[in-house]
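**Student:** Could you build the full structure based on these sequences and the hints that come with them?
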Amino acid sequence: MASSSAFSTWTLNGSSVVPEATKNFGGIICHYQTGCFKETVRCLSMRVSADMPHSWELPNDKLVASGLGRLSLKNKVQCSALEVDMKPSYSVGNKFQLEDVIEAQQFDRNTLSAIFEVALEMEKIEKNSARSQILKGYLMATLFYEPSTRTRLSFESAMKRLGGEVLTTENAREFSSAAKGETLEDTIRTIEGYSDIIVLRHFESGAARKAAATASVPIINAGDGPGQHPTQNDIKDHLTSSGVEWEECSDLMEVASTCDVVYQTRIQRERFGERVDLYEEARGKYIVDRDVLGVMQKHAVVMHPLPRLDEITVDVDMDPRAAYFRQAKNGLYIRMALLKLLLLGW
Amino acid sequence: MASSSAFSTWTLNGSSVVPEATKNFGGIICHYQTGCFKETVRCLSMRVSADMPHSWELPNDKLVASGLGRLSLKNKVQCSALEVDMKPSYSVGNKFQLEDVIEAQQFDRNTLSAIFEVALEMEKIEKNSARSQILKGYLMATLFYEPSTRTRLSFESAMKRLGGEVLTTENAREFSSAAKGETLEDTIRTIEGYSDIIVLRHFESGAARKAAATASVPIINAGDGPGQHPTQNDIKDHLTSSGVEWEECSDLMEVASTCDVVYQTRIQRERFGERVDLYEEARGKYIVDRDVLGVMQKHAVVMHPLPRLDEITVDVDMDPRAAYFRQAKNGLYIRMALLKLLLLGW
Amino acid sequence: MASSSAFSTWTLNGSSVVPEATKNFGGIICHYQTGCFKETVRCLSMRVSADMPHSWELPNDKLVASGLGRLSLKNKVQCSALEVDMKPSYSVGNKFQLEDVIEAQQFDRNTLSAIFEVALEMEKIEKNSARSQILKGYLMATLFYEPSTRTRLSFESAMKRLGGEVLTTENAREFSSAAKGETLEDTIRTIEGYSDIIVLRHFESGAARKAAATASVPIINAGDGPGQHPTQNDIKDHLTSSGVEWEECSDLMEVASTCDVVYQTRIQRERFGERVDLYEEARGKYIVDRDVLGVMQKHAVVMHPLPRLDEITVDVDMDPRAAYFRQAKNGLYIRMALLKLLLLGW
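Residue numbers (the numbering used here), protein chains in the order written: chain A, 1 to 346; chain B, 1001 to 1346; chain C, 2001 to 2346.
Hints in this document: simulated from the structure, not taken from any laboratory.
Yeah, the Cβ is synthetic: ideal placement off N, Cα and C, and Gly gets one too.
Do not rely on the hints blindly, as some may be mistaken.
Said to hold, decoys possible - Interface residues of chain C toward chain B, partial, derived using beta-carbon atoms under 8 Å:
1) L2139
2) A2141
3) S2148
4) T2168
5) A2172
6) I2191
7) Y2279
8) E2280
**Tutor:** As structure tokens, then:
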């Protein structure tokens, strides 16, 4: 997004926090509701010890917090507290460093690890039917200029599992004012007035970055043309640019027998143009079947971004190393984590 | 759905239920929320008497329940209780016998009667603006491979009237990964990860049954090609297979004067292929108008699945025997009942 | 809508209101929830004074109300109260005089002023992240026979910002039973069974009026063919019919230097048919750019209904007199106000 702050903060001070014996850990932000107003509390310091990372008891008039549970001030203000991370850089309430999610290159290993930890919390929420309300009152717009039902539903499920609401466009390219010649920037300026975060899928490379430069709300890139689809992560280019060693090989059995991850993808017919013969040749060449499974290591996994055609045979599905449906479900948790992080911070 | 249990249960025992003077009635399941966790309580026995079917008072630490109202344990756990039916087979909290709703043949008379009773409760909820929240936190996906706005909106209204949420696809055939060649089974395995129940409309006969065999969440068949549309019930075949006596007749006036129900349907042009002449002949032959009403019995009704063209004239609409708009509204209550039963049980 | 009352009312009387020293101000309606039932309370008289327009204290067993806050009876009934306006004609709880929003001619200056005051309250709600729930439990259907993503999302955002829920059709013309030949009246009779208010966009002039004559729920016209689009207001015809003096001029610079508002619009290519030459001529003739801004008065504004093509250059956007994006946002507040007024009254 274009501006730097998504919500106002209110600093507690004076008698309501304990100044001595505190440990600066980056602050805690929580949202509380009094009547119908939702406000944000930020405590810059707080008594806390390493052996109780998720729970605090403070004297009268002080904060009492516990993990993902509830946090209260003595004066009856009720807060939904977020998990506190002891690492200063990812403490609860710290603003997420990224304002938008546009491309894989934004994420270093530390950030990814921290996001995965949040995603684990999200998995607990979803599996325990915990019906979280942490994004209650937030509105996400899915602005899809080309259809991608799977991606759209995954984001919408993520938002709704956290108590948020959704505005949907399934085919903005054909239906919207884009057909009348409106620029993407103008559209974004209108849609940002209706929502708190925009998930954009566009047919033009670079559209997400352009939208983010205009928007005052966070933009998540759900694919822009042949460009990045960062929530599925275009890994190969990223590895290259980061100097990671890698090699190409045309013998699937040889590779399968040694690697930890077989990441299969759909052969995209549209990339072959009129050379149907080349498509058919490529399509039949690399098929993960029970023979491939047979040479794979016990701990290795088969991944796939889905949808699949016949590049993985269905008799592979039951093998515990077939990870692609788990992978789709994990995509939901990652999206829940990103929505939480962009809207509420760590 | 493929697996047999939609949610885990926790059995109360020891001091929290009264073992003496109890009556086994199949158990009661309720969902309660403590903090952000929703759990399920199942009591296998309970003091209850036939003359107070919807209300109980139990000693300390015991359950107190009332009709569709609230149910509480002394330890402050608050539950939304479901209506208790004294018939052991349909007691509150009993799992609904059907895991999916695929075809008319699943329903015997007893089951239909029990569903209608639940539908009556749903009608009260909808009419009294009671804004039920019994499905709060549940997510329904409407996976429509061909458009059917009326059916889709009816299910979505039913879900939202009960406090649930919806993920929508209006035209999955054209827009989704199905266009890329993904099998229905793969799509279901993905969508079931995003939702708690799937309403499927598909262009291929047998698709709903195939989906139900794969899914771990309940499937409701909202039409699959020329196959069943069980929530509108393909009555004729079902009567035949059940050995019910019936006859065909080509004289509308004669039939109308003796029957209790005139169930009119749209003449579907697409069934006639290129024989437009036959279509036009059939179309004009059976029209329910005021003349037909004139010979009908006072208590008889005219039904129609809608949409109608000219097979019922609009001057019939005001007659109290014109039941088709009431019928559409009742379809909403039946859908509310089915969603409630599949997700929460009786 | 066709009938005159959208919800039942319950009159408080006897000891629960103060009969002496009261001022008849049209009554107050509030919605309260006991258990799962939502009811409506209407007090026909109430002690109130002009110098405390938003707050009352009444003796025991009497009403205590405050602005947009909460209102309670001593017997623990909790109500969401609406703002009380001291003008008898627009008092809190008074039914909105308009049952549907069909055309600009419905609105006189007094009504518009009163709506703008409500819209200001809506702006506060939206800006303060107040996450209002005043329309919780209400269901709005957006029945769009032709796509208009901007208008649809604006209404849906308005509804959700007030806690309401939405049923969506993005392209009812192609997808719905209309394609099978169903009349609009029949469709309305079905959809009104699924929702509490219908936002209709239709391709035929007069469709909204026809729908309103049939419906038992409020209809909002979101555009019907070349007809009215009252929430963007077809101003010129309305001025003429009201006898307001106006003149046409073909010199943009001359007009811009004297007027208070430059209301620019898109040159609609579809209106020119095959005369592309005339379209190109018209298109290039009236462009608001920095030269036009240069002659405009300091207090004047440039408005535009959006989407724009090149009839306003982008370098105008940063000028504080460029009002079109503010205008789009204000459209959201107006829609919030109309939804509130049609469903809850003043």
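**Student:** Starting from the hint list further up, note which numbers the structure goes against and sort them upward.
**Tutor:** Hints 3, 7 and 8 are the ones this structure does not satisfy, whereas the remaining hints hold.
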